[in-house]
Amino acid sequence: MQTTVKRTPLNSWHRSQGANMANFGGYDMPLWYSSVKDEHLAVLNGAGVFDTSHMAGVTVAGSGAADLLQYCFTNDLDACMGRSKKPLSPGRCVYGAFLDENGQTIDDAIVFYVAADSYMVVVNAGMGGAVADHLRHNLGGRDATVTDLSDQLGKMDIQGPAAAKILGGVLADPKAVFTGIPYFSFKGHFDPASPLADAVRLDDGTPILLSRTGYTGEFGFEIFLAPDKIQRLWERLLEAGRSYDIKPCGLAARDSLRAGAVLPLSHQDIGHWPFINHPWPFALPFTADQTGFTKDFIGRTALEKQTDFSFTHAFVGKDLRKISAGENSRVIDADGQTIGTVLTCATDMGIGLHDGDIFSVASPDKPEGFKAKGLCCGFVKVDRKLSVGQNVDIADNRRKITVSIVDDVRPHRTARKPMADML
Amino acid sequence: MKAISELNLPEDVRYTDDHEWSKKNGDVVRMGVSDYAQDQLGDIVFVELPEVGSSFDKGDEFGTVESVKAVSELYMPIGGEVTAINEALADEPELVNSDPYNGGWMIEIKASDPAELEAMKSKADYLEMLKG
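Quick mapping for you: the protein sequence lines, in order, are chains A and B.
Residue numbers 4 to 426, in the numbering used here, belong to the letters of the first sequence in order.
Residue numbers 1245 to 1376, in the numbering used here, belong to the letters of the second sequence in order.
These aren't lab readings, by the way, just hints derived from the structure by calculation.
All values reported here derive from a predicted model rather than from experimental measurement.
Don't take every hint at face value.
[To be verified] Some but not every residue of chain A turned toward chain B, in silico, with C-beta under 8 Å:
no., residue
1, L34
2, W35
3, V39
4, K325
5, S327
6, R401
[To be verified] Using 20 Å as the maximum straight-line C-alpha spacing, the simulated SDA-like pairs for lysine to any residue come out as follows:
no., chain 1, residue 1, chain 2, residue 2
7, A, K374, B, E1336
8, A, K388, A, I335
9, A, K403, B, V1315
10, A, K388, A, P284
11, B, K1246, A, G21
12, A, K376, B, L1293
13, A, K178, A, M425
14, A, K403, B, P1294
15, A, K321, B, A1334
16, A, K403, B, E1317
17, B, K1246, A, D31
18, B, K1246, A, Q20
19, B, K1246, A, N26
20, A, K321, B, E1336
21, A, K298, A, I113
22, A, K376, B, D1335
23, A, K89, A, Y186
24, A, K232, A, R18
Glycine included, every Cβ here is placed at the ideal spot set by N, Cα and C.
The whole structure should be built from the sequences, with the hints applied where relevant.
Given below as structure tokens:
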């Protein structure tokens, strides 16, 4: 039981800045500093930094580490990279989930292949213990050591098109670091004793693990380092990013950015229901024809046998008005039938409609005079498969709005842009 | 978040426990939300207001104010008939954040019972409530 609210190493910084704080996953976290909208737009136009030290790292080491993860994690570590489905190689990371025997989500995660027989799993706030226990429980006879690093790691993200330009200013050797670091790859290590530590150092010598990942849909990095080094890096990045209008960003902007990028929030968009029929099929080890799975993993049997699946779809509204998601929300089809609930409903303030098309403030082809008024977006979980373009109503006790089922929301996101375009 | 000492709480308006304010403006009473309310809500992105001519009792919901974080109800500090709404908020809802007592006013009403205005909280009482 969580009895006390935990604090990240940046907690006093957030409070000294007058951030609006709230409990998230057992941590006292900033929701926003002065303006959620400005924070959201900063990440689309320049850069933002996020305190993500509430997330947990779990290391898995030993000759049986790969096999243990292969059995517990949904993605196929032997066939997950790129279109040709190559095996995960050292320095690469991959998204997936940990399921229970019923095919329901314990948590989602990114698995980092650090070196031979050495992996790091990054999970959500407060989930380090549960995921570490799950891995240990399923060790079987495998030779693997699972270590929960909850609250022992500092983590911050820098996200936005200017992220590399800003980060480069505090790295010892930015040119080397920014060469050969594609989307979903990483370099360096936060442990000074690691042989990888020399790959990425700040200009003051601090070793960091730098990962080309994030939770905004925009270009940027996640940074892991010793907790006592994070505040200095945070403040230096804010200073270095001043000319790019960098902003410290809270969880509210993180939520609206990820909703527009069609990324799920664990325990809200994925949870105690089967992890299938959702907008993230790349997290499952599907065969090329999508009819079966390429490996055995916990939850597989349930996903294959179960027939009463629900379907999770992304949606976008007609304007910025939203409803309150959750148990009391409803999804209503054209016949007036209630067919499900709303999992997430947020407003992406960086996008808007023009002649029926969605544009972003960052769209190179946006119409002259385009003003992003914001669009509501999120996820619905319904009892039948809906098709892209189909309209449904979503409602809470206060209002009902019409939304369209979509396969994407915010256009012209930068997460996957080649490094060379971003320097 | 503003400290209580940083809040802009004019002397010449009256307040409710729900953080609306009212002020007599000639024959009508103008209302909106307090600096405390706008600060708690964060960026206001949409304000839904009633039609001119509609009537409400004290405590009735007359509209919603939508921030990036949530949608919140607006409650009538006093009863009456709506005589005007602030049309500027349709394009500039952020006026509620930047100027909650002037540019960010929401509706004007013809009060059905002027005594209800007097029964609202003074600045001193409202401040006392905020301090808890």
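How the hints compare with the structure:
no.: 1; hint: L34; in the structure: 7 Å, holds
no.: 2; hint: W35; in the structure: 6 Å, holds
no.: 3; hint: V39; in the structure: 4 Å, holds
no.: 4; hint: K325; in the structure: 7 Å, holds
no.: 5; hint: S327; in the structure: 7 Å, holds
no.: 6; hint: R401; in the structure: 7 Å, holds
no.: 7; hint: K374(A) <-> E1336(B); in the structure: 12 Å, holds
no.: 8; hint: K388(A) <-> I335(A); in the structure: 13 Å, holds
no.: 9; hint: K403(A) <-> V1315(B); in the structure: 13 Å, holds
no.: 10; hint: K388(A) <-> P284(A); in the structure: 15 Å, holds
no.: 11; hint: K1246(B) <-> G21(A); in the structure: 7 Å, holds
no.: 12; hint: K376(A) <-> L1293(B); in the structure: 18 Å, holds
no.: 13; hint: K178(A) <-> M425(A); in the structure: 13 Å, holds
no.: 14; hint: K403(A) <-> P1294(B); in the structure: 17 Å, holds
no.: 15; hint: K321(A) <-> A1334(B); in the structure: 16 Å, holds
no.: 16; hint: K403(A) <-> E1317(B); in the structure: 15 Å, holds
no.: 17; hint: K1246(B) <-> D31(A); in the structure: 18 Å, holds
no.: 18; hint: K1246(B) <-> Q20(A); in the structure: 10 Å, holds
no.: 19; hint: K1246(B) <-> N26(A); in the structure: 19 Å, holds
no.: 20; hint: K321(A) <-> E1336(B); in the structure: 19 Å, holds
no.: 21; hint: K298(A) <-> I113(A); in the structure: 18 Å, holds
no.: 22; hint: K376(A) <-> D1335(B); in the structure: 9 Å, holds
no.: 23; hint: K89(A) <-> Y186(A); in the structure: 15 Å, holds
no.: 24; hint: K232(A) <-> R18(A); in the structure: 18 Å, holds
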